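Enquirer: With the hints as constraints, model all of the structure from the sequences given.
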Amino acid sequence: MTAFRSLSAAMVKGFLRDKMTLFFVFLFPLMFLVVFGLLLGDSGSDKTKIAAVGEGPVLSTLEQTGAIELEKHPDVASARQKVDDGDLPAAVVVSGDRVELIYAASDQVAAGTVTGIVSGVVDKINLGAADVTPRFTLETKSVEDASLKPIQYLTPGILSWAISISGVFGSALTMVSWRKKQVLRRIRLAPVSTTTVLTSRVLVSIGTAVAQGVVFVAVALLPLFGLRLTGQWYLALPLLVLGTTAFFAIGMLVGAFCKTEEAASGAANIVIMPMAFLSGTFFPVENAPGWLQTVSYIFPLRHMNDGMLDVLVRGKGVEALLLPSAVLIAFTLVVGFIAARIFRWED
Amino acid sequence: MTGARIPAVVVADIRKSYGELKAVDGVSFTVAEGEFFGILGPNGAGKTTTLEIVEGLRKPDGGQVTLLGEQPWPRNPKLLPRIGVQLQASSFFEKLTAREQLQTFGSLYGVSRRTADEMLELVGLTDKADVQENKLSGGQRQRLSIACALVHDPDLVFLDEPTAALDPQARRNLWDVLRAIQARGKTIVYTTHYLDEAEILCDRVAIMDRGRILAMDAPATLVRGLDAPTHVVLQKGLLTREAARGITGVEDAHEDEVSLTISTRKPAPVLSALAERGTLDGLQVRTATLEDVFLDLTGREYRA
Ligand SMILES: Nc1ncnc2c1ncn2[C@@H]1O[C@H](COP(=O)(O)OP(=O)(O)OP(=O)(O)O)[C@@H](O)[C@H]1O
Ligand SMILES: [Mg+2]
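Just so you know, the sequences run in chain order A and B. When we follow our numbering, the leftmost residue of the first sequence carries the number 1, and every step to the right adds one. When we follow our numbering, the leftmost residue of the second sequence carries the number 1001, and every step to the right adds one.
Hints were generated in silico from the structure; no laboratory data involved. Only a predicted model underlies this, so the values are computations on that prediction, with no experimental measurement involved. Beta carbons: idealized from backbone N, C-alpha and C, even for Gly. Some hints could be false.
Listed below are the simulated BS3-like cross-link pairs for lysine-lysine, each with C-alpha atoms no more than 25 Å apart in a straight line [unchecked claim]: (1) B:Lys1236 - B:Lys1266; (2) A:Lys259 - B:Lys1059; (3) A:Lys19 - B:Lys1135; (4) A:Lys316 - A:Lys259; (5) B:Lys1095 - B:Lys1135; (6) B:Lys1059 - A:Lys181; (7) B:Lys1078 - B:Lys1059; (8) A:Lys13 - A:Lys259; (9) A:Lys181 - A:Lys259; (10) A:Lys180 - B:Lys1135; (11) A:Lys19 - A:Lys181; (12) A:Lys13 - B:Lys1135; (13) A:Lys82 - A:Lys47; (14) B:Lys1059 - B:Lys1022; (15) B:Lys1078 - A:Lys13; (16) A:Lys180 - A:Lys19; (17) A:Lys72 - A:Lys49; (18) B:Lys1266 - A:Lys181; (19) A:Lys19 - A:Lys259; (20) A:Lys180 - B:Lys1095; (21) B:Lys1236 - A:Lys181; (22) A:Lys180 - A:Lys124; (23) A:Lys13 - A:Lys49; (24) A:Lys180 - B:Lys1059; (25) A:Lys13 - A:Lys181; (26) A:Lys13 - A:Lys180; (27) A:Lys259 - B:Lys1095; (28) A:Lys19 - B:Lys1095; (29) A:Lys82 - A:Lys72; (30) A:Lys72 - A:Lys47.
A short, non-exhaustive set of chain A residues, derived as facing chain B with CB atoms under 10 Å [claimed, not checked]: (31) Thr2; (32) Phe15; (33) Asp18; (34) Pro223; (35) Arg341; (36) Trp345.
Away from chain A, derived, C-beta distances all over 12 Å, residues of chain B [what the hints assert, rightly or not]: (37) Glu1033; (38) Leu1087; (39) Glu1197; (40) Thr1230.
Expert: Shown next, in the form of structure tokens:
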């Protein structure tokens, strides 16, 4: 067995036999995914419900828009009552060719939406009835915008966060414990190159990241959570790898500074927690104030998040990888270089 | 190797200071190939620092080290497969079993995985093969650590206090292991606190204190050179102090609560004189040891 393979095997075994690490790498982020996924699960259904009286093509077309949900009422009075009580934002009453829309003045936004949709539908049916070829054609295409269903942004966000945990903790703790337990000195006395040791450790981290990706996406895909991946989800793989190397480098830096495992975990947490919050792990950064969004761009996690969102759920292609990849590579090189400069074999 | 045999280890005037403290203060020695060389001394004498400089783990402030004709510092990959090192504090991979530790260390040297079991056998840990390192006893861990140093069959072995923490049986077993290694032509440099052990094992010893080598030679030569008296210890009451002093060859006699101790440089006539008087019951003879050498060199009692 080559040194590379057996070192990797030794690290994988050490990892799998450490319940605490397994917990923090898999279960802990998964708990966040499950809890947030379930808590926020419903807020994504944003059909507007209105009262409806009568029948005809207008009502059936309204239902087909997908934006309006109709609550049937036998008569105008009971429909009107719902609007008066503030239970529903509007009521549409169809009697013959007459379409009447009643809306509550209190909710201007809902009123605007409903008015727009209903008048659009009425116009379209008018056009059809008049048998005129429309001069302007409107083509619509649905894209996933910033206001995704929670599970759609939670999965890439929490996955990236989990990878930052395994990357930073993995390298920092291995380095500190190997230095403390003199394994580093012992390895230094063996005819094996530093590159071999380092690359085998990075490879184990990448393997861990891929395992995390599989587990998290599999859970989010369960009907209970209802994640929907877009076409080129496999483009997440390069991000997974580059994100891991960037966080690995940060871990090396932490490990170079800290003498004990406790100090290293503390320092790693101080790095990860603010980064996770500001990078859109638990909520979309777009909702944060502008200056905070600017600040968030200094974190590699922010870029990894953006890239993951783009390729996993926004249906973007390779071009969406360019910026995040460039930033992550630059991060790896710069931080890795600094870490290598202050690296110590022993205390 | 053809031609003149080069010494396995040549150390010339190495020095290392930590701030004001001169941990190693001008140490020189040479170890021939196939020799068993011991470095002795109390805590803080500078044994580990010396050994680590020789192994190439530390850079000396001054001086030269040559191992098997090569410089160990800076890290010399050509030399590394030929030397085996056991560090004073044991160094293991986390959560791996005894066998896995040996396999992993072995693989760093390109050694086959089967060797691990042979090494476990060698240090008597076969029944602990599947036990994780942190669940081994101190002595077992020590033996595993030695096995890890030997796994790639090095020509030159450095062991830092290999027999510390071992029970008497394990110590003796390890002596056998070390003797067997030496019998195969390997060179061993080791440190110990046990002067008696060094007398038994080593071809030559260096006695170190406060960063310096105070004496260096074969143990027997050091003891002989000391010209220290032999002590004959009798049960108290068999002979009076005055009577003891009257025997020819006796230099001195002391008495304490339980025994009478006679010092002499001519033990043979004294013993026969004692035999004539019928006082041999429970008699003990204690010749000078390295401890006496240490006492003589430093003026201090040796505390292991
Ligand atoms: N890294 C270090 N920094 C500062 N002082 C050190 C360092 N390493 C060793 N020393 C000091 O150097 C001296 C020699 O230490 P060394 O470990 O060589 O002793 P030793 O003979 O191996 O002792 P022991 O029998 O206890 O193992 C000690 O006084 C120790 O405190
Ligand atoms: Mg020591």
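Enquirer: Each hint needs a verdict: does it hold in this structure or not?
Expert: Verification of the supplied hints:
1. For the hint pairing lysine 1236 (chain B) with lysine 1266 (chain B), the CA-to-CA distance comes to about 22 Å; that is within 25 Å, so the pair holds.
2. For the hint linking lysine 259 (chain A) to lysine 1059 (chain B), the alpha-carbon distance of about 22 Å falls within 25 Å, and the restraint holds.
3. Between lysine 19 (chain A) and lysine 1135 (chain B) the CA atoms are separated by roughly 17 Å; this keeps the pair inside 25 Å, and the hint holds.
4. Taking the CA atoms of lysine 316 (chain A) and lysine 259 (chain A), the gap is about 44 Å. The hint is violated against a cut of 25 Å.
5. Using a Cα cut-off of 25 Å, the hinted pair lysine 1095 (chain B) and lysine 1135 (chain B) holds, with the two alpha carbons roughly 9 Å apart.
6. A C-alpha spacing of about 21 Å is found between lysine 1059 (chain B) and lysine 181 (chain A), which places the hinted pair at or below 25 Å, so the restraint holds.
7. About 18 Å separates the Cα atoms of lysine 1078 (chain B) and lysine 1059 (chain B), which keeps this hinted pair within 25 Å; it holds.
8. Taking the CA atoms of lysine 13 (chain A) and lysine 259 (chain A), the gap is near 24 Å; set against the 25 Å cutoff, the hint holds.
9. Taking the CA atoms of lysine 181 (chain A) and lysine 259 (chain A), the gap is near 11 Å; set against the 25 Å cutoff, the hint holds.
10. For a cut-off of 25 Å, the pair hint linking lysine 180 (chain A) to lysine 1135 (chain B) stands: about 18 Å separates their Cα positions.
11. Distance hint between lysine 19 (chain A) and lysine 181 (chain A) is fulfilled; the C-alpha atoms sit about 20 Å from each other, no more than 25 Å.
12. A hinted pair counts as satisfied when its Cα atoms are at most 25 Å apart, and lysine 13 (chain A) with lysine 1135 (chain B) qualifies at roughly 16 Å.
13. Taking the CA atoms of lysine 82 (chain A) and lysine 47 (chain A), the gap is about 17 Å. The hint holds against a cut of 25 Å.
14. With a CA separation close to 14 Å, the supplied pair lysine 1059 (chain B) and lysine 1022 (chain B) stays within the 25 Å bound.
15. Distance restraint check for lysine 1078 (chain B) and lysine 13 (chain A): the Cα-Cα separation of roughly 30 Å exceeds the 25 Å cut-off, and the hinted pair is therefore not satisfied.
16. Distance hint between lysine 180 (chain A) and lysine 19 (chain A) is fulfilled; the C-alpha atoms sit about 21 Å from each other, no more than 25 Å.
17. About 10 Å separates the Cα atoms of lysine 72 (chain A) and lysine 49 (chain A), which keeps this hinted pair within 25 Å; it holds.
18. Taking the CA atoms of lysine 1266 (chain B) and lysine 181 (chain A), the gap is about 53 Å. The hint is violated against a cut of 25 Å.
19. Pair hint lysine 19 (chain A) plus lysine 259 (chain A) holds up; C-alpha atoms about 23 Å apart against a cutoff of 25 Å.
20. Restraint check for lysine 180 (chain A) and lysine 1095 (chain B): satisfied, since their Cα atoms lie roughly 15 Å apart, inside the 25 Å limit.
21. With a C-alpha separation of about 53 Å, the suggested pairing of lysine 1236 (chain B) with lysine 181 (chain A) is violated against the 25 Å cut-off.
22. At most 25 Å may separate the alpha-carbon atoms for a hinted pair to count; lysine 180 (chain A) and lysine 124 (chain A) exceed this at roughly 75 Å.
23. Restraint check: the Cα-Cα separation between lysine 13 (chain A) and lysine 49 (chain A) comes to about 55 Å, which exceeds 25 Å; the hinted pair is violated.
24. The suggested pairing of lysine 180 (chain A) with lysine 1059 (chain B) holds, with an alpha-carbon distance near 20 Å, which does not exceed 25 Å.
25. For a cut-off of 25 Å, the pair hint linking lysine 13 (chain A) to lysine 181 (chain A) stands: about 17 Å separates their Cα positions.
26. Pair hint lysine 13 (chain A) plus lysine 180 (chain A) holds up; C-alpha atoms about 19 Å apart against a cutoff of 25 Å.
27. Pair hint lysine 259 (chain A) plus lysine 1095 (chain B) holds up; C-alpha atoms about 20 Å apart against a cutoff of 25 Å.
28. About 11 Å separates the Cα atoms of lysine 19 (chain A) and lysine 1095 (chain B), which keeps this hinted pair within 25 Å; it holds.
29. At roughly 11 Å between alpha-carbon atoms, lysine 82 (chain A) and lysine 72 (chain A) fall within 25 Å of each other, so this suggested pair holds.
30. With a C-alpha separation of about 15 Å, the suggested pairing of lysine 72 (chain A) with lysine 47 (chain A) holds against the 25 Å cut-off.
31. Nearest Cβ of chain B to the Cβ of threonine 2 (chain A): about 7 Å, under the 10 Å cut. The hint holds.
32. With its C-beta approaching chain B no nearer than about 8 Å, phenylalanine 15 (chain A) sits inside the 10 Å limit, and its interface hint holds.
33. For aspartate 18 (chain A), the shortest C-beta to C-beta distance to chain B is roughly 6 Å, which falls under 10 Å, so the interface hint holds.
34. Checking proline 223 (chain A) against chain B: minimum C-beta separation of about 38 Å lies over 10 Å; hint violated.
35. With 10 Å as the threshold, the beta carbon of arginine 341 (chain A) stays out of range of chain B, its nearest partner Cβ sitting at about 17 Å, so the hint is violated.
36. Look at tryptophan 345 (chain A): its Cβ gets to within about 8 Å of chain B, closer than 10 Å, so that hint holds up.
37. The claim that glutamate 1033 (chain B) lies off the interface holds: its Cβ sits roughly 20 Å from the closest Cβ of chain A, which is beyond the 12 Å cut-off.
38. The Cβ of leucine 1087 (chain B) sits about 6 Å from the closest Cβ of chain A, inside the 12 Å cut-off, so the non-interface label is violated.
39. The Cβ of glutamate 1197 (chain B) sits about 24 Å from the closest Cβ of chain A, beyond the 12 Å cut-off, so the non-interface label holds.
40. No beta-carbon of chain A comes within 12 Å of the beta-carbon of threonine 1230 (chain B); the shortest separation is about 44 Å.
Consistency note: the structure conflicts with the earlier hints numbered 4, 15, 18, 21, 22, 23, 34, 35, 38.
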